[in-house]
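A.B. asks: Chain by chain, the residues:
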Amino acid sequence: MSGTFRHPVLPHGLRKPEGIGTAFRRQMRVVGALTLRELGTRFGRDNLGYLWLFLEPAMLGGAIGLLHHIAQQGLPGGLNPLEFWVIGYIPFYMLRGIINRAPVAIQANQSLLYHRHITLLDILISRSLLEGAAVLGALVVFLALFGLVFGHWPADPFKMLAGMVLMFLFSHGVAVLIAAGAVYTEIFERVVHLVTYLTLPITGAFFMVFWLPYEAQQAALWVPTVHMFELIRDGHFGKAVPTQYDIGYVVGWIAALNLLGMAALRHARRDLVL
Amino acid sequence: MIRLNGIHKSYKTHLGTRAVLRGIDATFQLGEKIGILGRNGAGKTTLLRLIAGVEYPNSGSIERRMTVSWPLGFAGAMHYSISGADNARFIARIYEKPIEETVGFVEDFAELGEYYRLPVRTYSSGMIMRLGFALSLAVDFECYLVDEVIAVGDTRFGERCRKALADRQARSTLLLVSHIPDTVRAFCTSAAVLNDGRLTRYDDLDEAIAVYQAA
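In order, the protein sequences belong to chains W and H.
For the first sequence, the numbering used here gives the first residue as 773, with consecutive numbering after it.
For the second sequence, the numbering used here gives the first residue as 13, with consecutive numbering after it.
To be clear, the hints were calculated from the coordinates, so they are not data collected in a lab.
Check each hint, because a few of them may be wrong.
To be verified - A partial selection of chain H residues facing chain W, derived with a Cβ cut-off under 10 Å:
| id | residue |
| --- | --- |
| 1 | Tyr23 |
| 2 | Gly28 |
| 3 | Gln41 |
| 4 | Asn70 |
| 5 | Val80 |
| 6 | Pro83 |
| 7 | Met90 |
| 8 | Ile94 |
| 9 | Phe102 |
| 10 | Pro193 |
| 11 | Arg197 |
Stated by the list, open to error - Stretch-level coverage of chain W by chain H, calculated; a stretch enters the list once three of its residues show a Cβ under 8 Å from a Cβ in chain H:
| id | segment |
| --- | --- |
| 12 | 792 to 805 |
| 13 | 1006 to 1020 |
Because the structure is a prediction, the values reported are computed rather than measured.
Where a beta carbon is used, it is the ideal one built from N, C-alpha and C, also for glycine.
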């Protein structure tokens, strides 16, 4: 059999098998420490430092929203173009950010694996959390701006948050699978930017399902991210526009991606050569 | 105690699969100071990595009944884009050590001066080695895995490392891999020879060195 490790996880002083509560708390502590370190390595302590984490998505989202606002394209349903583009772009920024950074995640953090109780999953979770928190921060600021400037506050903030959380879990699941695959081949690193770029039109970031003819709607609803963008828009625009989504379908995707991803990661860890 | 049962490890290369370790069985007890002698390419570093849990064997099992350090060498275990002090903070967090005390201890032991507040990538290899060793002493492991670096580093620091390990005599185990018999003689009380993917223990240091030199 391939290596039974009676104590694969062994922080100082610990020798007995532990309960799931202890294990969970320790994992949270490790993820917390990793997130802090990731902040340090990505943004350093100079200039604006950590602020960039939030400024990057804010600037991109704002610029794209503003361009479309200036172009004054009318949107079906009479939606405010600035709001529509920002609300679409920011979750997409998270999806793309988490996935694009996945192929180098393990390679860039190999030195962490010298500490036996840090797992690949810990590394990926901390990276995703950082990206997710930054994007969520940027979104909150934009929503506050829209509220103050246009007097339009989210119809149901809970739905928006739920949409963002689902988008986060989905992105993380894809990232885990890609990171595991990147242990075996460089292909992911080569194509991931291309694929996230090419799939942009079908993710649902910049169209609404009700704009499409019926057949196209049915096709679009196969794409899991379409449901999440619809949920986020439902949370923001409320009854102003019709939205379609199936949360169960999305949860199914998330569960499958994450479970497969974790299994792949476990396999990859054994084959990883540092 | 650390017990290795039937450890096999091979690597895939462009020339096909290359077996490095071909069935290693060994037990290391608390307090032992063991030198593992092997020629370049014998698999010394690989063995240390497996014991540390950095890499995994293809088959066999490793049982760890004491806390085991990461392999102390020129690389690994620390992050190069953050400072030595930040590395100490990070180590303290993940190993549940008091943060300020750890930062202070590492600063005193590693003797990096102002470099302690600069990114590790600006360090010389000797400084990196000192930082790594200081970090591992701060965690206070029961077993230290050392990849012949102490002997290669400057002698004054080597002497301090040896003293630090000697102070822990009874409660710390040392596994040192080296291709130089004198290094093993300086740090260890018994030895093993790694040759052709297998490990042979000798209770007598001189016997081990004689076998190693004859091979």
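A.B. asks: State for each hint whether it applies.
C.D. replies: Going through the hints against the structure:
Residue-level restraint check for tyrosine 23 of chain H holds (minimum Cβ-Cβ distance to chain W is 6 Å; threshold 10 Å). At about 15 Å, the closest approach between the beta carbon of glycine 28 of chain H and any beta carbon in chain W exceeds 10 Å, and the interface hint on this residue is violated. Given the 10 Å rule on beta carbons, the hint for glutamine 41 of chain H is violated: about 15 Å separates it from the nearest Cβ of chain W. Taking 10 Å as the C-beta contact cut-off toward chain W, the hint placing asparagine 70 of chain H at the interface holds, the least distance being around 7 Å.
Of the supplied interface hints, the one on valine 80 of chain H holds, with its beta-carbon coming within about 7 Å of a beta-carbon of chain W, less than 10 Å. Given the 10 Å rule on beta carbons, the hint for proline 83 of chain H holds: about 7 Å separates it from the nearest Cβ of chain W. The criterion of a C-beta within 10 Å of any C-beta in chain W is met by methionine 90 of chain H, whose closest approach is roughly 6 Å, and the hint holds. Interface restraint check: isoleucine 94 of chain H against chain W, minimum CB-CB distance 5 Å, threshold 10 Å, status holds.
Hint status for phenylalanine 102 of chain H: holds, given a least beta-carbon distance of 5 Å to chain W, under 10 Å. With its C-beta approaching chain W no nearer than about 28 Å, proline 193 of chain H sits outside the 10 Å limit, and its interface hint is violated. Taken as an interface hint, arginine 197 of chain H does not check out: its beta carbon lies about 28 Å from the nearest beta carbon of chain W, beyond 10 Å. For the segment 792 to 805 of chain W, the assignment as covered by chain H holds, since 4 residues bring a beta-carbon within under 8 Å of that chain's beta-carbons and 3 suffice.
Three residues within the 8 Å Cβ limit are the bar, and the segment 1006 to 1020 of chain W against chain H gives 0, so the coverage statement is violated.
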